[in-house]
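Undergrad: The primary structure of each chain is shown beneath.
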Amino acid sequence: MFGLVLFLVGDGMTFAGLFAAYLTFRAVNPLPSGGVYDLELLLPTINTALLVISSFTFHRAARQLRQGSGFGCRLWLLITAALGAAFLASQMLEYFKLPFGLTANLFASTFYVLTGFHGLHVTLGVLMILIVWWQARAGGSINRESHFGLEAAELYWHFVDGIWVVLFGIIYLL
Amino acid sequence: MESTSELPVSLIPNHGSWLRYLSFSLDHKVVGIQYLVTGFLFYLVGGVLAGMIRTELATPISDYLSREVYNEVLTMHGTIMIFLWIVPVVNGAFGNYLIPFYVGARDMAFPRLNAVAFWMIPPAGLLLIASFFIGGASQSGWTAYPPLSLRTPALGQLIWIFSVLLLGGSSILGGINFIVTILKLRRPGLKMMQLPMYCWAMLGTSILVVLSTPVLAGTLVMLAFDIVAHTGFFNPAIGGNAVVYQHLFWFYSHPAVYIMVLPAFGLVSEILPVHSRKPLFGYTTMVYSILAIVFLGLIVWAHHMFTSGTPPWMRLFFTIATSFIAVPTGIKFFNWLATLWGGKIALNSAMLFACAFIVNFVLGGITGVALAQVPFDIHVHDTYFVVAHFHYIVYGGTVFIIFSSIYHWYPKITGRMLNEPLGMLHFVLTFVGFNLCFGPQHWLGMNGMPRRVSEYDPQFTLMNQISSVGALLMALSTLPFLINVFHSAWRGRVAGNNPWRALTPEWLTSSPPPVENWNGPAPHVEHPYGYGLVETTP
Ligand SMILES: [Cu+2]
Chain A
0 MFGLVLFLVG
10 DGMTFAGLFA
20 AYLTFRAVNP
30 LPSGGVYDLE
40 LLLPTINTAL
50 LVISSFTFHR
60 AARQLRQGSG
70 FGCRLWLLIT
80 AALGAAFLAS
90 QMLEYFKLPF
100 GLTANLFAST
110 FYVLTGFHGL
120 HVTLGVLMIL
130 IVWWQARAGG
140 SINRESHFGL
150 EAAELYWHFV
160 DGIWVVLFGI
170 IYLL
Chain B
0 MESTSELPVS
10 LIPNHGSWLR
20 YLSFSLDHKV
30 VGIQYLVTGF
40 LFYLVGGVLA
50 GMIRTELATP
60 ISDYLSREVY
70 NEVLTMHGTI
80 MIFLWIVPVV
90 NGAFGNYLIP
100 FYVGARDMAF
110 PRLNAVAFWM
120 IPPAGLLLIA
130 SFFIGGASQS
140 GWTAYPPLSL
150 RTPALGQLIW
160 IFSVLLLGGS
170 SILGGINFIV
180 TILKLRRPGL
190 KMMQLPMYCW
200 AMLGTSILVV
210 LSTPVLAGTL
220 VMLAFDIVAH
230 TGFFNPAIGG
240 NAVVYQHLFW
250 FYSHPAVYIM
260 VLPAFGLVSE
270 ILPVHSRKPL
280 FGYTTMVYSI
290 LAIVFLGLIV
300 WAHHMFTSGT
310 PPWMRLFFTI
320 ATSFIAVPTG
330 IKFFNWLATL
340 WGGKIALNSA
350 MLFACAFIVN
360 FVLGGITGVA
370 LAQVPFDIHV
380 HDTYFVVAHF
390 HYIVYGGTVF
400 IIFSSIYHWY
410 PKITGRMLNE
420 PLGMLHFVLT
430 FVGFNLCFGP
440 QHWLGMNGMP
450 RRVSEYDPQF
460 TLMNQISSVG
470 ALLMALSTLP
480 FLINVFHSAW
490 RGRVAGNNPW
500 RALTPEWLTS
510 SPPPVENWNG
520 PAPHVEHPYG
530 YGLVETTP
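Respectively, the protein sequence lines represent chains A and B. The numbering of the first sequence is numbering that gives the first Met the number 0, which starts it at 0 and goes up by one. The numbering of the second sequence is numbering that gives the first Met the number 0, which starts it at 0 and goes up by one.
Chain A extracted, bound-state conformation (with noise of 0.2 Å):
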């Protein structure tokens, strides 16, 4: 697990260079005329309800499994996978929504590569998720006594869910 935190430390540092390249174009560069650093903010904020609530509900499936309750267990984990999927969706929709591509300008690039690496992310948490579900199936090597995976699946899963966050406040509202 200590392995673990060490490798989402340097993930959190390959975003939080990204979000100094972020911060240093926005304070320096003049975006070209008709660029705006300012978004539609009602997808986002739907999106950014869905993970804060995924991350509530990993936490409930942890704690059925603790509980004894398998069923309970794999249900909740069920409801993470469907809430990280509806974000992926959500996203893709903001993406065909906006109004400008990946080449637009300096800050359509960082917006697309900052969002699309951390929807990356979102997108390897839903498939652990799902992996995870399928450990822990009646007989399978996720159990009461032995749920190692289970764990660093719902310490991944915050990690991403509290870079979604900062990502939020740094990219949509400041």
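Computed far set for chain A versus chain B, every beta-carbon distance over 10 Å:
| # | residue |
| --- | --- |
| 1 | Leu40 |
| 2 | Thr44 |
| 3 | Thr47 |
| 4 | Ala48 |
| 5 | Val51 |
| 6 | Phe70 |
| 7 | Ala88 |
| 8 | Leu129 |
| 9 | Arg143 |
| 10 | Val164 |
| 11 | Val165 |
Below, a sample of chain A positions facing chain B; criterion: calculated Cβ distance under 7 Å:
| # | residue |
| --- | --- |
| 12 | Phe6 |
| 13 | Leu101 |
| 14 | Ser108 |
Simulated from the structure, these hints should not be mistaken for lab results. Glycine is no exception: its CB is placed at the ideal position from the N, C-alpha and C atoms.
Based on the hints, put chain B with the ligand in the right spot on chain A.
TA: Frame of chain A; chain B with the ligand shown alone:
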């Protein structure tokens, strides 16, 4: 993740056969030797490239290589030497071989991850070399500054990015493994302050690796987007900002210097006490110096950018922070001298290289402090003075320690001693060649010869020719070394368990050691430097 400190022999493929060195081995000693040999092969490639550079520079005109090829050669020389020789060897090779011994473990914390990390290196290196032959290698130097890197042949630059990402990934996996091994796998009762100094050096280095390498990865992905998708992150022509690349790049690449040199600090701290029969002087201050260097190393990166339009407050901050690094580094330097002082010094090959390291490193350190001062730096920026400074640190410092370490641990690794006269010849050729090659470059830089050019003003001819002769001696020095390594493996004097009568745990087992390091329980070493305090057995 489960910690596999108990590793069944059956898990090690081709156990006992040399084929295990070509396999996905989980034995930390096999992985360490894989790193060492692979790294050395790339050192030979990088050395041939260096020889091509010095051949071109023997005359003031561009006559031996075309300018484009010269740029490719200097880019590949830097990239290969840093990412495929020094970083993997001084971290991966000695770290994997020694750290489990030092913490009293049977293997690394994550043996499988370890093998994965190693096997990322050969494909990355081969790919990099292959880029010479498919459309031309990158020409933008090991720093890959945009907009230059956006104009160099795109395929070569993309291969360069991909290779460096692979090597960086390997380095991060290795770093995580070292941190967990040192903090979590220590034999019960072994305190942090009883660890051999190399453990502390590797802990500090690995922290730098985990914190800074991911930033480089993110930056290179953005650079790749600029090349492939024509985004404009770092392209001023379409509204981007090339200076941001420099900041992000040096946020990794200044710590990278410590990733190359801190492990060498650790290794020399193991070697000096053994061959001078004295305890390491100032253990505690050594530990805090390492931690201080790690912290300061993270906040000095913009000293590479004093000519990049850096605002005055930034210049002031980075000059002061950089100058501060001289304090912990100086502490270590004086501790090494104090370790030697009054010792029963055995001037064998390992010790000669280690003492020469101290000399070279203090020269490189002094020019480093000079370069940290803005008024001086502005004059010599991008001249041969920087090249000289850098090579005094990474070659005169780290590579000398790599050779010292090979002389010191070869008996443990192979069970046989290296030949001393050949070792001395290797040392003399290397030391004279190195100083002839890089010493005059200080003068060249001070007098204004820019780096990374294949032709120069004829007034610089003599010094360049001296430098090229030095390079030739360095190339020749490889011969006695190679003869020694091969001949001694076969005919060398049998070493026995502990030919140096050393106290650190790797010597308290057979040479070469058994698969799980000790046939009995791990020895209890409370005083790894207790020379004169503890009985030693040969
Ligand atoms: Cu630096």
